[in-house]
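Student: Below are the chains, spelled out letter by letter.
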Amino acid sequence: MPIEAHQTQPDRSSAQSQPSHDTLQPIEIIISFILRGGVLLSGGIILLGTLLYFLRVGGVTATPASLKAMVFPHTPGDVFAGLAHGDPESVIMLGLMVLIATPVSRIAVSIVAFALEKDWRYVAITSVVLLILSISFLLGKAG
Amino acid sequence: MDHLLVLALFIAAVSVIAGAIGSLLGLGGGVVVIPILTLVLQIDIHLAIGASIVSVIATSSGAAATFVRDRLTNLRVGMFLEIATTIGAISGAFISGLLLGNALFIIFALVLVYSIYPMSRRMIAERRLSRRQTAAEARPANVPDEQPDRIATALGFEGSYYDPAAKREITYRLRRVPLGFAFMYIAGIASGLLGVGGGIFKVPAMDIAMGMPIKTSSATSTFMIGATAAASAGIYFLRGNINPVIAAPVALGVLVGSLIGTRLLERLAGDRVRMVFIVVIALTSVQMFLRGLGVHILGG
Chain A
1 MPIEAHQTQP DRSSAQSQPS HDTLQPIEII ISFILRGGVL LSGGIILLGT LLYFLRVGGV
61 TATPASLKAM VFPHTPGDVF AGLAHGDPES VIMLGLMVLI ATPVSRIAVS IVAFALEKDW
121 RYVAITSVVL LILSISFLLG KAG
Chain B
1001 MDHLLVLALF IAAVSVIAGA IGSLLGLGGG VVVIPILTLV LQIDIHLAIG ASIVSVIATS
1061 SGAAATFVRD RLTNLRVGMF LEIATTIGAI SGAFISGLLL GNALFIIFAL VLVYSIYPMS
1121 RRMIAERRLS RRQTAAEARP ANVPDEQPDR IATALGFEGS YYDPAAKREI TYRLRRVPLG
1181 FAFMYIAGIA SGLLGVGGGI FKVPAMDIAM GMPIKTSSAT STFMIGATAA ASAGIYFLRG
1241 NINPVIAAPV ALGVLVGSLI GTRLLERLAG DRVRMVFIVV IALTSVQMFL RGLGVHILGG
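Protein chains in written order, with the numbering used here: chain A, 1 to 143; chain B, 1001 to 1300.
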C-alpha cells in the first residue's frame, strides 16, 4: 500500500489548500478520523497487553511448535471473560478486535452519512458491504 | 530463541524491517513479513497469515486516513468495489483453511513473482518523473473514442483530484466496471488466502481495467484493503489463527516499520538499494516455492 504514500506525501499541503467541489467533504473528515483513531487506539491497547503479558509470564520458553499448540481466547465472549480476570492475552485480543472493527465502523458511519445526503443508492451499496462483513463474522464463528 | 520474550522481540524487530522494506517497495508489510516468519523463524504459515492480516488492517487504515482527508480516494468507487473484495476475502480465508501449508507456500511464491513486475514498473516511472516533474498524470484516463460506460454513469463513477505537479484539478470517468469488479473478487481471494493487502491486484483493477488515474487508484486501493482484510481477519480471529504472542509484535512492528519506510527510507534509499530488495524478493519467492515442495534450505 505505501506506493501511494510515496507518491502523495509531498502533495499533502497543496491538496488541502484546494477549495473542495465535493459534497463528500464532511464524510471524508469523519472517515479519516475513525481510521486514524482506530489504529491509534488499537495500537495502544495491543502495546499495553503485550507489556502486561511479558510482565506476567516472565521467562517462559517457546518454540514455533509450542506457539502452534498455544491456547488463547479467540471469541469476543472469551476475550471479555478474560478481561474480567485481568488476563493480559485478552487485552491483546481486545486490541486486535478494535483493529478489525476499525474498517467496519468506517463502513457503518458511511451508511449514516450517505443517508443524511439522501444518496439512497450508496446507502444500499454500503449496507451490502456491512452485511457481507457481518456474514463473514458469523461464518468465522461457525467454521 | 527458546525464550518467549526473546522470540517476541525478534518477531517485532523483523516486522519493523519488513514494514519498512514493504513501504519502500510499494508492497504491504505482509508480503515481506510472512516469508520471514515462516522461512527464518519456522512459524506455522497459517499463524503467520493470521498475524499478517491484522498488520495489513493497521498499515492500510493509517495510510488511508491521510489519502481520504486529502480527497485522493474515490469513496464511492471504493465502497462499491468492496462488495467484490470482501466476498473474495471470505472465499480466500475458507480456501486457506482447507489448503495444506505446502500449497500456500507455492501460491505465495507465485504472488511474489507477480509483484516484481509492478515494483520494477514503479521504479522506472519514478525515475522518469524525477526527470520531468510536470509530465505526471499527463496520460488521459479515458480513451477518447470510447462511449461513456452505462454502469459507471449510473453509479456516479466520476471524480477529480488536485494534481500539484500539473497544477490543476484532474477529472476522470470510469469504464469497464464489470471487468474491474471481477478483478476485485480475485484481489479479495488473494488477500484472504495469503494474509496480504493485495494492492498489487487492486490497483491494476482500477488503473488498467477501469481507467482510473494511478494516484487515485492507489489511494482507493489502500482504502479498500482495510475493509477487505477485516472480512478475512474476522474469520482467522474466530478460527484461532491469530495468536496474540505473534500478532501483537507483527502488527506493532509492521506499523512502525511502514512509518519509518515512508518518512525516512524513501528519502534516503536510492534505486540501487531498491534493486537489491527486488532481487531479495525474487530469491525469497524461490525459497517459498522450494519450501512448498518440501525442500528446506534456511534454518533446517
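In short, the hints are calculated from the structure, not lab data.
For each residue, glycine too, the CB sits at the ideal point set by N, CA and C.
Be aware that a few hints might be false.
What follows is a list of derived Cβ distance ranges for each label pair [unchecked claim]:
| no. | chain 1 | residue 1 | chain 2 | residue 2 | range |
| --- | --- | --- | --- | --- | --- |
| 1 | A | 112 | B | 1272 | 43 to 51 Å |
| 2 | A | 124 | B | 1208 | 25 to 33 Å |
| 3 | B | 1263 | A | 57 | 19 to 27 Å |
| 4 | A | 134 | B | 1010 | 33 to 41 Å |
| 5 | A | 76 | B | 1009 | 27 to 35 Å |
| 6 | B | 1208 | A | 81 | 42 to 50 Å |
| 7 | B | 1102 | A | 75 | 40 to 48 Å |
| 8 | B | 1167 | A | 63 | 31 to 39 Å |
These stretches of chain B come out as covered by chain A in the derived footprint (C-beta under 8 Å, 3 or more residues) [said to hold, decoys possible]:
| no. | segment |
| --- | --- |
| 9 | 1034 to 1046 |
| 10 | 1173 to 1186 |
Student: Confirm or reject the claim that residue 1167(B) and residue 63(A) have a C-beta distance inside 31 to 39 Å.
Tutor: Cβ of residue 1167(B) to Cβ of residue 63(A): about 58 Å, so the range 31 to 39 Å is violated.
Student: Does the Cβ-Cβ separation between residue 76(A) and residue 1009(B) fall within 27 to 35 Å?
Tutor: 29 Å, holds
Student: Is the hinted range of 25 to 33 Å satisfied by the C-beta distance from residue 124(A) to residue 1208(B)?
Tutor: 28 Å, holds
Student: Go ahead and decide if the range 43 to 51 Å is satisfied by the Cβ distance of residue 112(A) to residue 1272(B).
Tutor: This hint holds: roughly 50 Å between Cβ atoms.
Student: Take a look at whether the Cβ-Cβ distance between residue 1208(B) and residue 81(A) falls inside 42 to 50 Å.
Tutor: 49 Å, holds
Student: Confirm or reject the coverage of the segment 1034 to 1046 of chain B by chain A under the rule of 3 or more residues with a beta carbon closer than 8 Å to the chain's beta carbons.
Tutor: The restraint on the segment 1034 to 1046 of chain B holds, since 4 of its residues have a Cβ under 8 Å from chain A and three suffice.
Student: Taking 40 to 48 Å as the stated bounds, is the beta-carbon spacing between residue 1102(B) and residue 75(A) within them?
Tutor: With a Cβ separation near 29 Å, residue 1102(B) and residue 75(A) fall outside 40 to 48 Å, so the hint is violated.
Student: Confirm or reject the claim that residue 134(A) and residue 1010(B) have a C-beta distance inside 33 to 41 Å.
Tutor: Roughly 37 Å apart at Cβ, these two residues keep to the hinted range, so it holds.
Student: Is the gap between the beta carbons of residue 1263(B) and residue 57(A) within 19 to 27 Å?
Tutor: With Cβ atoms ~34 Å apart, the hint is violated.
Student: How does the coverage statement for the segment 1173 to 1186 of chain B fare against chain A, requiring three or more residues with Cβ below 8 Å from a Cβ of that chain?
Tutor: violated (count 0)
Violated hints, in rising order: 3, 7, 8, 10; the structure is consistent with all others.
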